[in-house]
Structure formats: structure tokens, C-alpha cells
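Participant: Make a model of the complete structure from these sequences and hints.
The primary structure of each chain is shown beneath.
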Amino acid sequence: MATQHSRSAARIMMAPAVILLLGWMLVPLSMTLYFSFKKFLPLRGGDLGWVGFENYVRFVTSSAFWPSVVTTLVIVGGVLLITVFLGVLLAILLNQPMWGQGIVRILVISPFFVMPTVSALVWKNMFMDPVNGLFAHLWKAFGATPVEWLSDVSMGSIIMIVSWQWLPFATLILLTAIQSLDREQLEAAEMDGAQPLQRFAFITVPHLSRAVTIVILIQTIFLLAIFAEIFVTTGGAFGTRTLTYLIYQRVLESQNVGLGSAGGVYAIILANIIAIFLMRIVGKNLDA
Amino acid sequence: MGQITLNQVTKSFGDVNVIPPLDLEIKDGEFVVFVGPSGCGKSTLLRLIAGLEDMTSGHIAIDGKDATDVPPAKRGLAMVFQSYALYPHMSVRKNIAFPLKMAKMEQAEIDKRVDNAAKILNLADYIDRRPGQLSGGQRQRVAIGRAIVREPAAFLFDEPLSNLDAALRVNMRLEISELHKQLDTTMIYVTHDQVEAMTMADKIVVLRAGNIEQVGSPLELYRTPRNQFVAGFIGSPKMNFLTDAAAAEHGCKTIGIRPEHLDISRESGAWKGVVGVSEHLGSDTFFHVKVEGSKDPLTVRASGEVDLHRGETVFLTPQGEHLHKFDAQGLAIR
Amino acid sequence: MARAVNTQRKAINTAAAWTVALLIFFPILWTILTSFKTEAQAISDPPVFFAFDWTLENYGVVLERSNYSRFLWNSIIIAGGSTILGILIAVPAAWSMAFVPSKRTKDILLWMLSTKMLPAVGVLYPIYLLFIKLGLLDSRTGLVIVLMLMNLPIIVWMLYTYFKEIPGEILEAARMDGASLKEEIVHILTPMAIPGIASTLLLNFILAWNEAFWTLNLTAAKAAPLTAFIASYSSPEGLFYAKLSAASTMAIAPILVLGWFSQKQLVSGLTFGAVK
Chain A
0 MATQHSRSAA RIMMAPAVIL LLGWMLVPLS MTLYFSFKKF LPLRGGDLGW VGFENYVRFV
60 TSSAFWPSVV TTLVIVGGVL LITVFLGVLL AILLNQPMWG QGIVRILVIS PFFVMPTVSA
120 LVWKNMFMDP VNGLFAHLWK AFGATPVEWL SDVSMGSIIM IVSWQWLPFA TLILLTAIQS
180 LDREQLEAAE MDGAQPLQRF AFITVPHLSR AVTIVILIQT IFLLAIFAEI FVTTGGAFGT
240 RTLTYLIYQR VLESQNVGLG SAGGVYAIIL ANIIAIFLMR IVGKNLDA
Chain B
0 MGQITLNQVT KSFGDVNVIP PLDLEIKDGE FVVFVGPSGC GKSTLLRLIA GLEDMTSGHI
60 AIDGKDATDV PPAKRGLAMV FQSYALYPHM SVRKNIAFPL KMAKMEQAEI DKRVDNAAKI
120 LNLADYIDRR PGQLSGGQRQ RVAIGRAIVR EPAAFLFDEP LSNLDAALRV NMRLEISELH
180 KQLDTTMIYV THDQVEAMTM ADKIVVLRAG NIEQVGSPLE LYRTPRNQFV AGFIGSPKMN
240 FLTDAAAAEH GCKTIGIRPE HLDISRESGA WKGVVGVSEH LGSDTFFHVK VEGSKDPLTV
300 RASGEVDLHR GETVFLTPQG EHLHKFDAQG LAIR
Chain C
0 MARAVNTQRK AINTAAAWTV ALLIFFPILW TILTSFKTEA QAISDPPVFF AFDWTLENYG
60 VVLERSNYSR FLWNSIIIAG GSTILGILIA VPAAWSMAFV PSKRTKDILL WMLSTKMLPA
120 VGVLYPIYLL FIKLGLLDSR TGLVIVLMLM NLPIIVWMLY TYFKEIPGEI LEAARMDGAS
180 LKEEIVHILT PMAIPGIAST LLLNFILAWN EAFWTLNLTA AKAAPLTAFI ASYSSPEGLF
240 YAKLSAASTM AIAPILVLGW FSQKQLVSGL TFGAVK
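Residue numbers (numbering that gives the first Met the number 0), protein chains in the order written: chain A, 0 to 287; chain B, 0 to 333; chain C, 0 to 275.
Bear in mind the hints are in silico, worked out from the structure with no lab data behind them.
Heads up, some of the hints might be wrong.
Unchecked claim - Computed list of lysine to aspartate or glutamate pairs in EDC-like fashion (alpha-carbon distance at most 20 Å, straight line):
id: 1; chain 1: C; residue 1: 102; chain 2: B; residue 2: 14
id: 2; chain 1: B; residue 1: 294; chain 2: B; residue 2: 243
id: 3; chain 1: B; residue 1: 100; chain 2: B; residue 2: 127
id: 4; chain 1: C; residue 1: 102; chain 2: B; residue 2: 53
id: 5; chain 1: B; residue 1: 271; chain 2: B; residue 2: 295
id: 6; chain 1: B; residue 1: 294; chain 2: B; residue 2: 311
id: 7; chain 1: C; residue 1: 132; chain 2: A; residue 2: 46
id: 8; chain 1: B; residue 1: 289; chain 2: B; residue 2: 311
id: 9; chain 1: B; residue 1: 73; chain 2: B; residue 2: 27
id: 10; chain 1: B; residue 1: 289; chain 2: B; residue 2: 243
id: 11; chain 1: B; residue 1: 103; chain 2: C; residue 2: 182
id: 12; chain 1: B; residue 1: 73; chain 2: B; residue 2: 105
id: 13; chain 1: B; residue 1: 324; chain 2: B; residue 2: 219
id: 14; chain 1: B; residue 1: 73; chain 2: C; residue 2: 182
id: 15; chain 1: B; residue 1: 93; chain 2: C; residue 2: 182
id: 16; chain 1: C; residue 1: 105; chain 2: C; residue 2: 164
id: 17; chain 1: B; residue 1: 73; chain 2: C; residue 2: 168
id: 18; chain 1: A; residue 1: 139; chain 2: C; residue 2: 44
id: 19; chain 1: B; residue 1: 237; chain 2: B; residue 2: 219
id: 20; chain 1: B; residue 1: 118; chain 2: B; residue 2: 177
id: 21; chain 1: B; residue 1: 93; chain 2: B; residue 2: 105
id: 22; chain 1: B; residue 1: 289; chain 2: B; residue 2: 306
id: 23; chain 1: B; residue 1: 111; chain 2: B; residue 2: 150
id: 24; chain 1: B; residue 1: 100; chain 2: C; residue 2: 182
id: 25; chain 1: B; residue 1: 93; chain 2: C; residue 2: 168
id: 26; chain 1: B; residue 1: 294; chain 2: B; residue 2: 248
id: 27; chain 1: A; residue 1: 38; chain 2: A; residue 2: 53
id: 28; chain 1: B; residue 1: 100; chain 2: B; residue 2: 150
id: 29; chain 1: B; residue 1: 73; chain 2: B; residue 2: 62
id: 30; chain 1: B; residue 1: 118; chain 2: B; residue 2: 150
Unchecked claim - Coverage of chain C stretches by chain B, computed from C-beta distances (three or more under 8 Å per stretch; other residues unrestricted):
id: 31; segment: 168-182
id: 32; segment: 185-196
Ideal Cβ placement from N, Cα and C applies to all residues, glycine included.
Facilitator: This is the structure we're talking about:
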């Protein structure tokens, strides 16, 4: 495809991006590794020497560790499930002929533009507040006792808030994919005697698999890092402490950098396991 | 101005050897056509000359100067691509002016040359349109216009007519030939269509699997193909080949005879056969005749409208002076 | 080709789609409505939708309490700066990957994406330390750099998918026409990829605008963008719904309006160029 000259030019032009990202990955990572083997309390004596694997052992054996891993996976998995499922339904609905499709699309896309801090605050106070929230009003109107959303169904509430933010994304990707489906393929299937449900199952669904992969990949990247939604709503209480949030508390709230860094290393390992898993699937799907 | 020499040029992609050592001499002002089936390396060879690909080894000289390591922009060659490769965001005028702008030419000179090219190619009517608004033939002309303004040492054409419909193709073929007469500049033209090769070339280079099978003028290749591949590739419809008894009669492995060199008769002849499919073109009629001792039916050309029906028995006689003989390696015996 | 669409079916579709769309949009609508209410009306039960005394009072209070324009300006500088810087670095990289692919191109691309999966919290303290050392804490420059690095993989990926759509022959034609590499990228590739670059720009601007980990943890007073502006309403001010709504509306309005106007570009950007 190319000459020696363009290949070396390509290498030079790729260098800034690669070097920057490599630095962005390696420098803080090695510092985190360094701290994770130290007893390091910035406000209570600073660097108190090497402690080997003590931080690692303490972090895993702490009662908060495993629940936080589970919480992380439940939130990511729950949001993925909801957004993909509802996203497919919504995409099919939006693909039907209707009046005002443009405006409908604008309305559906809107939550994506709302910054996480705002959406968390609005949901927490104006909808989920057990006294003055809109849900409380609604429950009372039907004679029911208002639900204490963020303490009694804390996980469900957070999953719901995050799903609301990401549903537009899933819907629009899937809608684009549906629209790109070749009409002739569907017509050929119809000529071959396939019923609407069969056409959906054998033509549309396989066609969507690539889009679903993309949705899962991108959302996982962002969902593993959700922070503001928890920071603003529960502050990690009521069983909503994700691994990210646990580490955040260790580093910033208890000012135990050594312990937090060990946690960071665990989080990086977890992320890498998920990454390898995902990249396998995506790598395969991207070839198509 | 426009003499190109290839010396022991090779090209491999990884382990795949696309072009084995190859020598070629292209004279100034010549219209050279590289022809061969798809995958024969003709486009690769053109891209090597253009500098868009590196040679694995060997040398290229343009006008006697070594150009092996010269980047494409500095070789002084212009190329017309199969997809035309027009810049979609620029008007026709800007497209044609682009190489001159890159050469930092003065605006007045650019305008003069663009207008001149537009006149030669009849582009004036759509000079301010974007490529997206043009038909295939018009785009083709713009691509040629972009090539000629630079006054290059040589033009390279990479299957330029393959995206046009049949009628337009004939037209453009004539126009490119006419352009060559006008400009008198070296042109190297790649095609898989032997009709284009025969009608346009001063010199045809027949390629197969990166090897040059034969180099010569169209009529040389038609009259005296060096081997069975060239014999089969040049000429339309294809040459008929017979082996076994018919060939043994002439003391060789295979004999070849072109459809236009077979006489057909209802009464008598050398080979007896049965008429199969016939194709009536008006000016000519082609019969496919199943002959005893030959696996494939033979194609026979008859002038004008000849009334023979499927299943009729006919006799075919080859015109002796036009019979081609090939040995076991497929080389022509003279 | 197209078959006649049954009007009745179309009406049902329309009703269903509008219902769902309004449901999804409702929290935003409600926030905007509430921002024009008095505090008492904001929490009234049953809730009032339109029949209230519209007032701009809350906006006045919010503007008085904090320097909105500074937060807004910081958001614009940080989101805009990081995105533009990212694109300047990503265009050459994406050119290389799209037009001079090698066996490792896909690996490099996936590796870049995988750096996005590294949990930010894992490197929060080191970055914090580095920022103190370099004097970047609570500076817009610092956040521009961090957010640029955060989004660089996505920018490269998006540009790569857009560039791949452009036939290589056109760039080769430019090369034959005597264009240098720089001229080829500036005069041919970039203008041809404008729609893709615009989508990339928009989407990453929005991502940077809404980023709420680094912007909350690396800024104090000086460089804080709108994410921090709104976070100050966590509690107990969050109980004043009307003011909270006014502040929220002010935080999301710029990006919402931008998003609506550039909807078409954005939808193609939202798919990260991966779905056609």
C-alpha cells in the first residue's frame, strides 16, 4: 500500500499521540505502584516507610472490598442490560413512520447532554426526595407511602439515574444501525416467506449485533468510571460504594494514600480483565 | 522528455513475489499499454513507475536520470486514476489548478493553463461545478485535464475507462488517442481489456503473474504471438485451440486458429462439426461449432448474415497461413 | 419502492413515540419549569405544571451568589481547549492509521482505547502530586491537558473511522500532483473530512464539558468549571428546588442548545463513527 517514505512519515506522525498516552498511562501508574508499597499518610506523618504487601492484604481483607466489586459489576451490568434492551425497543419505535420525528429525536437525545452532577442532583432532590420529590407526590396521590429511594432502593435508584443518562446513546446507535439495514435484504426475506417476527429475529437482530457491541464497549468504559452520580446522591452509603468510590474515600477522606494506591492497583487489574475481554469481542467485530 | 527505463525491477509484498526481475524500455512519446488478466501485476507496475509503491529491488530511470528514490511528487509524472480521484470539495477549475498551485506557479499562468486545458477537453461548460455534479465521462475529462496542465514527462493511466458505460468507453478511447497525437507525450496505460490495448497502443506489454510475456505492436502480437497465452489473450473472440489428433497432424502439441481464419461450409472441409449457439451481430455472425476430437466448441466468424441453424452439420477449414503451432511448453513454433 | 403507510398506524406510532420521548425528556422539562417557580410552588403537592407565577427571581439569586460567568468561561476554555488540542494531535495519528496501516495498527488503536478504561481514581493521587509539583493545580491549563489525554483515544478512534471512508486514491492523486505530506493533509484530507471532524469536535466538547471527576478533584476556586458550580448545590442548598433548578438550567443550557442545533452532526458523532 505504501512506500518506505510514507511509512516513516506515518511513524513520526503517530508518535505524539502514542507517546502522550504512554506517558499518561505509565507515569501515574508507576507512582501508584510505588505508593502502594508504602505506609503513606500525608496528614499524619507523610512517608512512613516501606511495608511490602501490607496495603494489598489490608485492602482485600477489608470488609468493604468484595461488596464494592460486586456493586461495581451490578451497576455496570444493570445499566448495560436496561439501556440495550430499552434501546432496541426504542430504536425500533423511532424507526417507524411518524409525525415530528425530528423533534422526538431531539427530546430523546437530550439526557445525554446533561452533566452527571446536574442529573444526579435533579433526580435526588426533585424526584426521589421522600418528602417533596415528585415521586413522593405521585405515591401519595395513589395513597401509598412514599419510598425512601436513595436509602431503601439505593442501587435501583442509581442504576435508574445512570440508565436515563445513557439510554439516548444506546438508542441512537441502534437506530442508526437499523436505518443502515439494507431494505432489499428485508424484502428478499419477505419474498422468501419470512414472517415479521422471523425477519426481525433472522435479519435485524444479527445486523444489530455489531452496534450492540459498540454500545457495550463505550458504555463500559464510561460506566466503570462513574463517580459524580454516587458522590452527589448517596456519597457511597447504603451499599452503593463502588470500587472507584471506595478508593476515593481511602485516598481523599481517610488520607491513606498507600492503602488507596493498593486499591487503585486492584481497580486497574479489574479494568484490565474487563478490557481484555471486551477488546477480544470488539477486535473481532471491528474487522467486519 | 518522457523516456522511462526499468532495470531488474522486482516487487514483493511480504513473501508474495508480485513482480519478478523485469526490464522494460519505454521510448519518448510512445503510447504503451500494459495488458493482462486481473492480478497480473500491471497496476502494481504502474504504481512502481509512479513512485506510489517502493520497489523491492532494481532501478527506474526517467529521461536517463535515476528516479528510484525520488518521491512521486518529484518524478514529473501525472496519473489518471481508475476512480478519477477528483477532489470532491473543489470546483473543476480548482481541481485542475491544484497541481499548479502545489508547484507554486503564478496565478496568471495557472489561469492560462487551466483555460487552455478546459478548451482542449471541452470542460468550459462545467468549469465551476463540483465533481459530484458531473457525469462519469465529464469526471474522466477533468481527471485528464488535471494531468495535462502540468505538462508532465509522461502520463500514467490506471484502467481509466473501466467505470464508464460501453458507448462512452469507445468515445473516450478515441479522445485519449487523439490527445496523444496532439501532445506527443509518453503515455503508459493499464487495462485488462485487450480491445483497448489493440486500438490505442503503439506498443503493448502483455503481462502474466508479473512476467512480461511479450512486447510488441498490436499487429505483431496479433500475427505472431510468442506463446499460447498471448495468442489466447489478444484477439476477440479468442483464438481456438486444438490438441490431440488435429495438432499431431501438424506435428506439434497444440494448434491455434482465430475465428476469422476458419472457413465454414455446408459441403466439405477439414473438420466436421455440428452448429451450436450462433450470435448474430449483423455485420458478423459467430457460430459455436462442436467438432469431433475437440472438447470445447470452436468459434467461427462469418461475414454478414449467414443462415445456419442449430444442429446443422458443417465443415470447417483452417486457412493454412494463419495457423499457429505451439510446443508442449506453449511456446510458438515458427 | 415505498409502500403506502397506513395513516392509522402512523398515528399510533406517533402517539407512542411522543409519549416515550416526553417521558425521557420530562426531568429536563421539569427542571426548566421549576426554575421559574417560587420555592413554595416548586414543592407544592399536587405539583403545578404551567399555572404558576413565572418569575426570574431564582436566576437573580443564583447569579448573585456565585460568579456564573467565570464558571461558564472556565467550562468553555477547558472543554474547547482540550478538544481542539486533542484533534490537532489526533489528525496526524489517524492519518497514519487510516492510510498507512500496518499489522500493528489495530493493536495500537485498541491499546489506546484500553487506556481509557484505566480507572481515574487509581491515579488520582499521583496526578494530584504532579499537579502540585508543576503548579498546575486549580489551573485551566492543567485541566485542558488532563481532559485532552482522557479523550484523545476517542478522538483518534473517531477520526480514524472517518478517514477510512476517504478513498486512498484521492490522497495518492494529491501526491502525484506534487503535494507534500503537509499539503496533502491540509488541502485534501481535512476539507474532505470536515463533517467527521465536526462530529468529533462536538462530541468530545460535550464529553469534556460534562466530565466530573477531574474537574471536581483538581480545581478549587480559580479554574472550576460548571460541574463544580453545580456540585456546590449538593446540600443543603439542594432543598431549595427552584434555585437548584435555575442553577441546573444555567449549567446545562449552553450544551443543550448546542446539541440541539448540531443534532445531525452529533448523531453521527455519537456512534463514534463505528456504525454506519
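Participant: What are the numbers of the hints that this structure violates, sorted from low to high?
Facilitator: none
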